[in-house]
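Novice: Each chain, letter by letter, is given below.
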Amino acid sequence: MSDNNQEYKRPQQSQGQRRGPGGFGGTGMMLPPEKAKDFKKTLRRLIGYLRPKQMQLLVVLITAILSTVFSIFSPKLMGRATTKLFEGAFARIQGVPGAAIDFGYINEILLILGGLYLLSALFSYMQQYVMAGVAQSVVFDMREQINSKLERLPLKYFDSRTHGEILSRATNDVDNISTTLQQSLTQLITSVITIIGIIIMMLTISPWLTLITIITLPLSFVAIIGITKRSQTYFVSQQKSLGQLNGHVEEMYTGHRIVKAFGREKESLRDFDRINEQLYDSGWRSQFMSGIIMPLMMFIGNLGYVLVCVVGGIFVTKKMIEVGDIQAFIQYSRQFMMPITQTANIANIIQSTIASAERVFELLDEEEEVAETAAAAAGKTGHPAKGAVEFSHVKFGYKEDAILIEDMNIKVKPGQTIAIVGPTGAGKTTLINLLMRFYELSGGQILIDGVDITDMKRSELRARFGMVLQDTWLFNGTIRDNIAYGREGATEADVVRAAKAAHADHFIRTLPMGYNTVLNEEASNISQGQKQLLTIARAILADPSILILDEATSSVDTRTEVQIQKAMNSLMEGRTSFVIAHRLSTIRDADLILVMNHGTVIEQGSHEELLAQGGFYAELYNSQFSGEELSNAV
Amino acid sequence: MIKLFKQLRPFSLPIAAILLLVFLQSMGDLYLPTLMSDIVDKGIVHQDRALIWRVGGFMLLVAGGGALCSIIASFLSSKVAMGFGRNTRSKVFSHVENFTLTEFDKLGTASLITRTTNDITQVQTVLMMMLRMMVGAPMMMIGGIIMAVSEDAKLSLVFVVVIPVLVLAISYVGLKGLPLFKASQVKLDKLNLVLREHLVGIRVIRSFNRIQHEQKRFSEANRDLTDTAIKVNKIMALLMPMMMFVMNFSMIGILYFGGIRIDSGDLKVGSLMAFIQYAMQIMFSLIMVSMMFVLIPRASASAVRINEVLDMVPEITDPDVKPSLEGQPSGRELHGFVEFRNVSFSYPGAEQPALSDISFSAHPGEVTAIIGGTGSGKSTLLSLIPRFYDAVEGEVLVDGGDVRELTQEELRAKIGYVPQKAVLFTGTVSDNIRYGMKDATDEEVRHAAEVAQALDFVSAMKDGFDSEIAQGGGNVSGGQKQRLSIARALVRKPEIYLFDDSFSALDFKTDAKLRAALKGETTESTVLIVAQRVSTVMDADRIIVLEEGRIVGIGSHSELLASSDVYREIVSSQLSEEEIA
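Protein chains in written order, with my numbering: chain A, 956 to 1589; chain B, 83 to 663.
There may be inaccurate statements among the hints.
Said to hold, decoys possible - With a straight-line cut-off of 30 Å between C-alpha atoms, the simulated BS3-like cross-links for lysine-lysine are:
id: 1; chain 1: A; residue 1: Lys1273; chain 2: B; residue 2: Lys313
id: 2; chain 1: A; residue 1: Lys1008; chain 2: A; residue 2: Lys996
id: 3; chain 1: B; residue 1: Lys313; chain 2: A; residue 2: Lys1104
id: 4; chain 1: B; residue 1: Lys124; chain 2: A; residue 2: Lys1111
id: 5; chain 1: A; residue 1: Lys1366; chain 2: A; residue 2: Lys1354
id: 6; chain 1: A; residue 1: Lys992; chain 2: A; residue 2: Lys1195
Stated by the list, open to error - Simulated restraints on C-beta separations:
id: 7; chain 1: A; residue 1: Gly1399; chain 2: B; residue 2: Gln294; range: 29 to 35 Å
id: 8; chain 1: A; residue 1: Gly1198; chain 2: B; residue 2: Arg131; range: 26 to 32 Å
id: 9; chain 1: A; residue 1: Leu1158; chain 2: B; residue 2: Arg91; range: 54 to 60 Å
id: 10; chain 1: B; residue 1: Phe140; chain 2: A; residue 2: Leu1158; range: 55 to 61 Å
id: 11; chain 1: B; residue 1: Lys88; chain 2: A; residue 2: Phe1045; range: 55 to 61 Å
id: 12; chain 1: A; residue 1: Gly1570; chain 2: B; residue 2: Gly482; range: 49 to 55 Å
id: 13; chain 1: B; residue 1: Ala192; chain 2: A; residue 2: Ala1329; range: 46 to 52 Å
id: 14; chain 1: B; residue 1: Phe539; chain 2: A; residue 2: Ser1540; range: 55 to 61 Å
id: 15; chain 1: B; residue 1: Thr508; chain 2: A; residue 2: Ala1329; range: 37 to 43 Å
id: 16; chain 1: B; residue 1: Ala552; chain 2: A; residue 2: Ile1170; range: 52 to 58 Å
id: 17; chain 1: B; residue 1: Glu397; chain 2: A; residue 2: Ser1397; range: 57 to 63 Å
id: 18; chain 1: A; residue 1: Asp1096; chain 2: B; residue 2: Ala552; range: 20 to 26 Å
id: 19; chain 1: A; residue 1: Ile1155; chain 2: B; residue 2: Val247; range: 47 to 53 Å
id: 20; chain 1: A; residue 1: Ile1155; chain 2: B; residue 2: Ala192; range: 39 to 45 Å
Derived from the structure by calculation, the hints contain no laboratory data.
Being a predicted model, the structure only gives us computed values, none of them experimental.
Cβ atoms here follow ideal geometry from the backbone N, Cα and C, with glycine treated the same way.
Bound-form chain A, shown alone:
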């Protein structure tokens, strides 16, 4: 019944994968739980989060105990009332003179019962009420910690993981912890107390009957364990088929155009039906297996019920116990089954929670960005930002054992333009990563205006850079906010000025809400080219001394492209610019060309110098306009 509560909560587990498909009566245990690598250590650390809430937790514990004890105590009292009733009625049937039901006694008991129930309900409410605050504020802290941790993690961390993976730790795992804290923890407490309490109460009534009731216990354990084991295999294979099916659907729908173009609808349907059939097969088996737990438990419960009735009845006739005791026992044995199923459940839930917590802690324990040096902390801001950049003996590799850049030396004077060329995947982002200190060098140094970037505050370093990349990043907010992102405290006039300089003012004003237009989640309500103009405006507003531009404009129409070109030119004026270049004019006019391939700079020099070298660049340049000649030559 208390599953009811969990049912409300369940949709919050967005994936629902860890707790299995939602269901009553313990489907939670159907999927084998994930195991934490170091259960004890993680548990201890998780408990550490609860320590500041000691007082509240104490309240929860006390109220939980009180409410359970009161509710356990009541069937016995109620049994007494029933006994008194029976005695009175029985005496009357026997014709005992003056026999009457002792209503004074019964009413007294009922009054006490009422009080107990009231208190029990009150305490149980208090317990959950307090726990709501505790659980939620613990996960609040946890989320905040994760978020501030993410700020300190180096880019390496993000580049080597999918967004989904990080998101899942920050939301699903934390949510899992929150649900457990909110429900399972108190459930565990009350279940254990209930079981112990009921056994004690039953013992005080009749040790023999207690024995009979407890006999059914191993039976139910055997039933639960046996079924769970078998159904787990089915559940795993159901989960697998479901994964396959989802994969197939995703693939076929995203590739719908191709499936149609190549006339493969029938094959796609055939595969689908095959997987679907598998899913059906493992699905009904696992559902059936989990479905019979309830009837079986009920049967075992009924078994106990019948035994209590029969044996109890006989005991009553032998005057070993009272009628009311049977009633109390019936109530106890009914109350008994639930906490037992629950504890079996909770054990698995706790295991998966600890596994979640471990994943969260793993994230929190990741290595952070290299700390700012003392020089940086001292804040040597005395250097005016001019835009001189120097790479001196730079050595770098994403992995220690795979050095990409061996010994790179470049000198760039303020205001110069550097074109970076090379095939896709040649590692042009590596340069950005190094310049902005998203990654640390393996050797050598990068100097900006004569200062080693490791001696600058990261914020100060990055403030000198402006980026206009191809994967324009805009957030869910108004156009004004997106442009103003470039500089904190930018005024309305600043924003408009920047938009004008970026040739974006006009199109913004043609939008129905102008600067107040809210970009939707994927920013699909404006075109790719317009997005690029916005990012240029943002960079203009930021007014950096060094620029990193990505010229690729493959998905932009000609008109917008011309505008982007103009905007970029005005942006580049008087600033040092690193341009990931695709346009020959840009490349040729550049002061320095860096030719990249396989992650490293293989040639550098001016256009003429490089052509004269007759190397990779020359080949690249020539190939662009005379494909045939080239293929003849190859």
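Since chain A is already given, all that's left is putting chain B on it; use the hints.
Specialist: Frame of chain A; chain B shown alone:
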């Protein structure tokens, strides 16, 4: 929801059986307290131990029968629910397979995926629960009330007070809690959004030093979510204690009034004990029923979404009569001749037509290139040939016949299509290439890969052509994907090649090599290339310049340089002066 459950028709027999079984089982459960009251009222009162044993044995039988019934019911309901899921999934999937891109555009691919997978699973789960729990609950409740009334009608008046109180309590919590619950769901999504934006834009955020700003956004969303979650949980905290309280107090009430009735000789003690148990069962059932109100809205939202898909009629259907191509009177040998006659096309609901009045023809052995800015209608134009969309006005002809008069299968067999966004499927490299032609020999696959400039990197892969491609082609680069999807079209040896901006992810060098190699392959085919790069289209036989859905220039590179302003503008934005000449 109800509409969707019409799919249950083939299962009507098992469902009837389930209802019967659940009914039997409920009756069994209800019968047990009656038997128990016999033990008390007859066995104990009259000290009749034999009767106690006898009744006990009978109770065991009833309990066993009940368990058996519910196990069989569970077996049947698993089969019904999963079978329903399977049938619905299959129906939706095969229906979607017939969709054209118009329907895909309308609902969105992501949404279609969720509808086929999660939504159906959702409905299936709820159906399962309904069959297993919900059908039993009302029976139990009604049965319980009947039994209680038959034990003592007057005492049953307690229910008249208690049931409304319980209903009120549950609905109070439900009404207050559920909206908050939905709100917290929305807030969780919001938190996810903030975090996702942060991850996607991490470089920009760091470079603009806006970390604190992002921190604040996150904290706000976090605080907001936490506050709502606390509120929800505090309200939900009421539910259990309240229900227990009502139930327990009704026990006290029953005992109190029952005592009076026993005193007056209207009721026996055993009956009173049975009565208490009926009361328990009635109230538990009531709680079960109330759960339906939580589950059903969720499932019906899913059901509506599924129905939307099933109700959608594919815009393009095959012609009823199939005029086969052979029947077509064709004077000349026509193989891959494509002609557009005054074709116009608008996307549904669009204000402006995407294409207007397009006329041109492309002959076998020729390369026709289409160039223009984004939104100029290049890809749309290409999509009309394999009938991803149908022209609104005018006609598209292939080999002299209107494409609408051919079956989609027949038409598409002539076409080798390479999409803008390369899509690969799970399977090996050669599986993917063979997707173009099922029975292509290894040699043909290899050759296609070679022409598509894919041989080098495929050979460099661990298992060569047998290397596995991960879902969505995650383990190959964009350029490699594009080359494989070109190979897939090549192996088909089609009459018509459609390249929809298919060279964009290739570097200039590979692009040039590929085009050179293609020439030898496509001598007898009609080739249509959509491109952004001037260098890609420069040496085509015919270049069509599109702007805002209209043809603004048609001719060779040098002709267009002389005649078309738009073309010149495109060229000058990409090449510098001397290269143009």
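Novice: Flag every earlier hint the structure violates by its number, smallest first.
Specialist: Those not satisfied are hints 1, 4, 8, 10, 14, 15, 18, 19, 20.
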